[in-house]
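K.L.:
The chain contents come next:
There are 2 protein chains.
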Amino acid sequence: MPEYKAPLRDIRFAMQELLDFETHYQNLPGGEDASPDMVEAILEEAGKFAAQELSPLNQTGDKGCTLTDDGVIAPEGFKEAYANYVEGGWAGLAQDPEYGGQGLPESLASIVAEINGTANWSWGMYPGLSHGAMVTLETHATDELRNLYLPPLVEGRWTGTMCLTEPHAGSDLGLLRTKAEPNDDGSYSITGTKIFISAGEHDMAENILHIVLARLPDAPAGNKGISLFLVPRYNVNDDGSLAGANSVKAGSIEHKMGIHGNATCVMNFDGARGFLLGQPNRGLACMFTFMNNARLFIAQQGICHAELSYQGALAYAKERLQMRSQRGAVAPEKSADPIIVHPDVRRMLLTQKAYAEGGRAFSYLCAQLVDLAQKSQDDAERKRAEDRLALLIPIAKGFITEAGVEASSLGVQVFGGHGYIAEWGMEQILRDSRIAPIYEGTNGIQALDLLGRKVMGSQGQLLEDFVGEVNAFIDANRDNPEAGELVVELERHVKRWSELTGQVAAGIQKDPATLGSASFDYLMYSGYTVLAYIWAMSAVKAQQALANGSSETGFYQAKLATARFYFRRILPRNEGLAVSLVDDADTLLSLEEEAFAF
Amino acid sequence: MPEYKAPLRDIRFAMQELLDFETHYQNLPGGEDASPDMVEAILEEAGKFAAQELSPLNQTGDKGCTLTDDGVIAPEGFKEAYANYVEGGWAGLAQDPEYGGQGLPESLASIVAEINGTANWSWGMYPGLSHGAMVTLETHATDELRNLYLPPLVEGRWTGTMCLTEPHAGSDLGLLRTKAEPNDDGSYSITGTKIFISAGEHDMAENILHIVLARLPDAPAGNKGISLFLVPRYNVNDDGSLAGANSVKAGSIEHKMGIHGNATCVMNFDGARGFLLGQPNRGLACMFTFMNNARLFIAQQGICHAELSYQGALAYAKERLQMRSQRGAVAPEKSADPIIVHPDVRRMLLTQKAYAEGGRAFSYLCAQLVDLAQKSQDDAERKRAEDRLALLIPIAKGFITEAGVEASSLGVQVFGGHGYIAEWGMEQILRDSRIAPIYEGTNGIQALDLLGRKVMGSQGQLLEDFVGEVNAFIDANRDNPEAGELVVELERHVKRWSELTGQVAAGIQKDPATLGSASFDYLMYSGYTVLAYIWAMSAVKAQQALANGSSETGFYQAKLATARFYFRRILPRNEGLAVSLVDDADTLLSLEEEAFAF
Numbered sequence: 001m002p003e004y005k006a007p008l009r010d011i012r013f014a015m016q017e018l019l020d021f022e023t024h025y026q027n028l029p030g031g032e033d034a035s036p037d038m039v040e041a042i043l044e045e046a047g048k049f050a051a052q053e054l055s056p057l058n059q060t061g062d063k064g065c066t067l068t069d070d071g072v073i074a075p076e077g078f079k080e081a082y083a084n085y086v087e088g089g090w091a092g093l094a095q096d097p098e099y100g101g102q103g104l105p106e107s108l109a110s111i112v113a114e115i116n117g118t119a120n121w122s123w124g125m126y127p128g129l130s131h132g133a134m135v136t137l138e139t140h141a142t143d144e145l146r147n148l149y150l151p152p153l154v155e156g157r158w159t160g161t162m163c164l165t166e167p168h169a170g171s172d173l174g175l176l177r178t179k180a181e182p183n184d185d186g187s188y189s190i191t192g193t194k195i196f197i198s199a200g201e202h203d204m205a206e207n208i209l210h211i212v213l214a215r216l217p218d219a220p221a222g223n224k225g226i227s228l229f230l231v232p233r234y235n236v237n238d239d240g241s242l243a244g245a246n247s248v249k250a251g252s253i254e255h256k257m258g259i260h261g262n263a264t265c266v267m268n269f270d271g272a273r274g275f276l277l278g279q280p281n282r283g284l285a286c287m288f289t290f291m292n293n294a295r296l297f298i299a300q301q302g303i304c305h306a307e308l309s310y311q312g313a314l315a316y317a318k319e320r321l322q323m324r325s326q327r328g329a330v331a332p333e334k335s336a337d338p339i340i341v342h343p344d345v346r347r348m349l350l351t352q353k354a355y356a357e358g359g360r361a362f363s364y365l366c367a368q369l370v371d372l373a374q375k376s377q378d379d380a381e382r383k384r385a386e387d388r389l390a391l392l393i394p395i396a397k398g399f400i401t402e403a404g405v406e407a408s409s410l411g412v413q414v415f416g417g418h419g420y421i422a423e424w425g426m427e428q429i430l431r432d433s434r435i436a437p438i439y440e441g442t443n444g445i446q447a448l449d450l451l452g453r454k455v456m457g458s459q460g461q462l463l464e465d466f467v468g469e470v471n472a473f474i475d476a477n478r479d480n481p482e483a484g485e486l487v488v489e490l491e492r493h494v495k496r497w498s499e500l501t502g503q504v505a506a507g508i509q510k511d512p513a514t515l516g517s518a519s520f521d522y523l524m525y526s527g528y529t530v531l532a533y534i535w536a537m538s539a540v541k542a543q544q545a546l547a548n549g550s551s552e553t554g555f556y557q558a559k560l561a562t563a564r565f566y567f568r569r570i571l572p573r574n575e576g577l578a579v580s581l582v583d584d585a586d587t588l589l590s591l592e593e594e595a596f597a598f
Numbered sequence: 001m002p003e004y005k006a007p008l009r010d011i012r013f014a015m016q017e018l019l020d021f022e023t024h025y026q027n028l029p030g031g032e033d034a035s036p037d038m039v040e041a042i043l044e045e046a047g048k049f050a051a052q053e054l055s056p057l058n059q060t061g062d063k064g065c066t067l068t069d070d071g072v073i074a075p076e077g078f079k080e081a082y083a084n085y086v087e088g089g090w091a092g093l094a095q096d097p098e099y100g101g102q103g104l105p106e107s108l109a110s111i112v113a114e115i116n117g118t119a120n121w122s123w124g125m126y127p128g129l130s131h132g133a134m135v136t137l138e139t140h141a142t143d144e145l146r147n148l149y150l151p152p153l154v155e156g157r158w159t160g161t162m163c164l165t166e167p168h169a170g171s172d173l174g175l176l177r178t179k180a181e182p183n184d185d186g187s188y189s190i191t192g193t194k195i196f197i198s199a200g201e202h203d204m205a206e207n208i209l210h211i212v213l214a215r216l217p218d219a220p221a222g223n224k225g226i227s228l229f230l231v232p233r234y235n236v237n238d239d240g241s242l243a244g245a246n247s248v249k250a251g252s253i254e255h256k257m258g259i260h261g262n263a264t265c266v267m268n269f270d271g272a273r274g275f276l277l278g279q280p281n282r283g284l285a286c287m288f289t290f291m292n293n294a295r296l297f298i299a300q301q302g303i304c305h306a307e308l309s310y311q312g313a314l315a316y317a318k319e320r321l322q323m324r325s326q327r328g329a330v331a332p333e334k335s336a337d338p339i340i341v342h343p344d345v346r347r348m349l350l351t352q353k354a355y356a357e358g359g360r361a362f363s364y365l366c367a368q369l370v371d372l373a374q375k376s377q378d379d380a381e382r383k384r385a386e387d388r389l390a391l392l393i394p395i396a397k398g399f400i401t402e403a404g405v406e407a408s409s410l411g412v413q414v415f416g417g418h419g420y421i422a423e424w425g426m427e428q429i430l431r432d433s434r435i436a437p438i439y440e441g442t443n444g445i446q447a448l449d450l451l452g453r454k455v456m457g458s459q460g461q462l463l464e465d466f467v468g469e470v471n472a473f474i475d476a477n478r479d480n481p482e483a484g485e486l487v488v489e490l491e492r493h494v495k496r497w498s499e500l501t502g503q504v505a506a507g508i509q510k511d512p513a514t515l516g517s518a519s520f521d522y523l524m525y526s527g528y529t530v531l532a533y534i535w536a537m538s539a540v541k542a543q544q545a546l547a548n549g550s551s552e553t554g555f556y557q558a559k560l561a562t563a564r565f566y567f568r569r570i571l572p573r574n575e576g577l578a579v580s581l582v583d584d585a586d587t588l589l590s591l592e593e594e595a596f597a598f
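Those sequence lines, one after another, are chains E and D.
Residue numbers for the first sequence follow UniProt numbering, beginning at 1 and rising by one.
Residue numbers for the second sequence follow UniProt numbering, beginning at 1 and rising by one.
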């Protein structure tokens, strides 16, 4: 397993040079505390914590969790690392000081989560799920519930989960059956079975707060009859002390392809005592309030695995000696050249690098928008941020997680046979990465959300607003001496993005199934194009830094080289997608169901 | 884990309708016994054996092999299934009757191996490795060695391995260090460590014959100093009975991402008694004599996993109910429609189907050429077959194994969260599939072999000969009423294939690193194009069958629909590859090694 080193130089580039987080935090209500010095200190400490506490547990955590009579036990060392995390005050970094949080911007917590998640994704999911529960309680719980449940959650003494999926209700939550029956005291009795509950049970915290979707008696069928509840693992007395166990426990832990260190549980609710969050029958709407954060967290998983796999593959490619460079021996004193001299090995490494760094900047751009959507006091600015997020989040979640799997698979390939052997850790990264295109809304669902709800649902307005931003960048930089060529190429892809959208819209008018026929390839086209924008911006910044006489020539030359690589070797995939995504839905739908196999 | 059903209808389509195996076998020396009735009986029995004996052991075999003091133990049931395989006379299907084989064509054995390998790839590797050892001994062993060692190997009582890789010598076999020192009796003492030895040790057979690459004393350095040896696990008396153990044993078994049922061993040779095969220092050349067979076997792995994953995903997509069809409810009496109504699910299923069936026909085309290269008495015909194989094998191995991983990953995706859970078996298929782009020459090596040794090495002649065959098909079928549109599109891709080759050749003239810069994307472009040829041929055959009034309208309509899908949704990827593969090598090579990370 590669030893993780936080890529702080690249994180600073994305934050400071590309996206000007300093100004962003200065203008953000509550962002004053995130001074450059504070941000720097937090990044440094997060990098140390991740490298020292979490990275060593990544491979051992792959042995998995254990279900005992007393509940689920997390892998060895997870509990102790979590205790240190809580002691370090990390749990409530972005939470409201009223409940014990540090009140720093959400985006900063998200970057810390990326650092932790790269070192050890399975471990990072425990606080990740807590964070979802915190945001839900902050937004939808009554004052009484907030005062009782939020402080220990924000402190980290308790953790949280999100209980949505049921055996028959995955992408289609409208089918869920878990019941919530009112008790006389205003609480509810929750009964049903939830599956795929990440961090569902473990021994790392004193209590676990389950956020649960369930149906009230006589609720309407489908999506409009779902309500949201808080169900603690242990009941809580009015003074905050723990009473006895609630009627909810893990029935089993799933044996999965990867992320073995995180307990994915079947949770059985057997008349468990719970409390309504938000309005009755408005549970799905409540969930959607933090859907953007949750999906951004999963988008980060793609970056985490691309980065970790890249770190491993790069180190190996510098050491492993096989064959000679096609331009002539580079290390004639050795038995062979290090494989990093081979163009095809570099193709793989640069793909990983382009995804990790480009995906990182893309996710930070989204994280800034999350800050604004949460905190801005300017209604128009908040609305703009929400609209932009509505468009970008399904692209980030869908595209970056696909890229993460591709990058992780390339990391295996760079290692050759050793990549397939568990000892080296590269195959674990691939196994861990493969869940990201599935959970938090499959990428097929992200694609429908993007093309259907967001682009078509806004009559193309959300897209055109973003295209306007990109075009302003293009107009300002098409003559850049180093990056101008890329900027002009970006313009072609962006212009075609609009045109393709128009063609698909016309297709949907004629046949509604055009939506599902086009959606996935449209998502990927959109992703490659947004990443092209990110890389063109990065190239411009690098050119400017070099022109201004920066001494970090290697770093900026690498940015330019990676941008060129992305445009010349990866972005051309859009040429194929531009053809396939406007194809007629009949190509997919004409075949009779019975004729798929004989 | 999907229950496997041999796709006999599609196998017959590829063999009988597309590639006319009947005539092929009639004309093939030794092929007379492969009458249509015999072929049909073998396919039927192979399908039954695979479904009844091998499929039930696929998921349980994932628990892996065990290293004991007495050597490696294969997963439960493997030994018994292998005994039934031997008893059924399957082991020597294509081997020389002089040594107890049935003398049937190699291609037929290869199709049986595909059927077994789809049901249980890990199990199928044991006879697969034996087959490599058989071919090696038939071709390179002295009469004395052949008479002693081949009969029990052909019978199946003994199995074989291929021992090539060493810790420091993977793609670059020239670096290997295992020593072979001559003994007074004409045998050799072999000393060294081999890694990644598939089927290296197990309890399924009485003896194991290792085919080992090693260096004689004073052998030249590099590739030209490697010799080939036979090293039995147990020494063999002159009467064929077993003497004591030889000094070779498994030091450990690797913990891998997948194919757990096959023992991947570190093999320690400690002065083990061995026998020279072929000429001294000609070991690599000897290996190359059956390289085409071995690489075709791995290409089949892509088909096997695409097929098995497709069978699983298709069954699930017909049963799983989530959401409604975009064209209006299809099953209004149910809570939701089966997900096979959704275009995006069909995109995934049809990709799997296009790869499985197209890859199958592609591999059978290669298998016919292997027959001719082995058996034809006509020198010119044999040379043509060898030349065509030289071009097609790296494409088949490289492209189909990439397609197999993609298809297996899509199978996971169709299952949503369930796809990530071991119980359903879909993630195992993906884990098992991931080795195929690595072993038997990584796909990076296949790409260099294709573009460098084969295409450039023949000054483009191998490619142009094949393009000539494809163009004859195009000219004959461009007016086909159903398939003509596809044939015309194929023409564009084939024409551009030649043009791109010329551009790359010019690039290599200027900069030899252009080879490695272009090679992988060139391999993929070639693969998509060959598969387009296969699908265009399939569409023509389907149109003709329908025009001739076949009653199997569903089957042939599915062929046409899958062909159209392939051309409209998959083949456009060539548009991007055509751009990226002619890019300058400097895009990959300009970045200083130190500048990859900061």
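Keep in mind that a hint or two might mislead.
Since the list gives no way to pick one copy over another, a pair counts as held whenever it fits inside one copy or between any two copies.
[Stated by the list, open to error] In silico lysine-lysine, DSS-like type, Cα no more than 30 Å apart, as pairs:
no., residue 1, residue 2
1, K334, K495
2, K79, K63
3, K383, K179
4, K224, K375
5, K5, K495
6, K334, K541
7, K63, K224
8, K334, K224
9, K224, K318
10, K318, K510
11, K224, K541
12, K334, K179
13, K510, K334
14, K495, K179
15, K383, K224
16, K495, K510
17, K63, K249
For the record, the hints were derived by calculation from the structure and aren't laboratory data.
K.L.:
Is it within a copy, between copies, both, or neither that the alpha carbon of K510 lies no farther than 30 Å from that of K334?
P.N.:
between (65 Å within a copy, 27 Å between copies)
K.L.:
Could you place K383 and K224 in one of the four classes (within, between, both, neither) given a Cα distance threshold of 30 Å?
P.N.:
So K383 and K224 pass the 30 Å test inside one copy only (25 Å; across, 70 Å).
K.L.:
Pop the pair K495 and K510 into one bin, within, between, both or neither, using alpha-carbon distances up to 30 Å.
P.N.:
Close inside one copy (24 Å), not across copies (35 Å); limit 30 Å.
K.L.:
Within a copy, between copies, both or neither: where do K318 and K510 come within 30 Å Cα-Cα?
P.N.:
between (55 Å within a copy, 27 Å between copies)
K.L.:
When no copy is named, should K224 and K375 be tagged within, between, both, or neither for a Cα gap of at most 30 Å?
P.N.:
Answer is within; shortest intra-copy Cα gap is 29 Å, inter-copy 70 Å.
K.L.:
Indicate which option fits the pair K334, K224 if close means a Cα-Cα distance not exceeding 30 Å: within, between, both or neither.
P.N.:
Classified as between: cross-chain Cα gap 19 Å, same-chain 69 Å, threshold 30 Å.
K.L.:
State whether the alpha carbon distance between K495 and K179 is at most 30 Å within one copy, between copies, both, or neither.
P.N.:
This pair counts as neither: shortest intra-copy Cα distance 50 Å, inter-copy 63 Å.
K.L.:
At most 30 Å between alpha carbons: which applies to K63 and K249, within, between, both or neither?
P.N.:
This pair counts as both: shortest intra-copy Cα distance 22 Å, inter-copy 28 Å.
K.L.:
Between the shortest in-copy and the shortest cross-copy C-alpha distance, which are at most 30 Å for K383 and K179: within, between, both, or neither?
P.N.:
neither (36 Å within a copy, 73 Å between copies)
K.L.:
When Cα atoms must be at most 30 Å apart, do K334 and K179 count as within-copy, between-copy, both, or neither?
P.N.:
between (69 Å within a copy, 21 Å between copies)
K.L.:
Using 30 Å as the alpha carbon limit, work out where K334 and K541 are close: within a copy, between copies, both or neither.
P.N.:
Neither: 39 Å inside a copy, 56 Å across copies.
K.L.:
As a check of your reading, is K224 near K541 (CA-CA no more than 30 Å) within one copy, between copies, both or neither?
P.N.:
Neither: 48 Å inside a chain and 51 Å across chains, both beyond 30 Å.
When held up to the earlier numbered hints, the structure conflicts with 1, 3, 5, 6, 7, 11 and 14 and fits the remainder.
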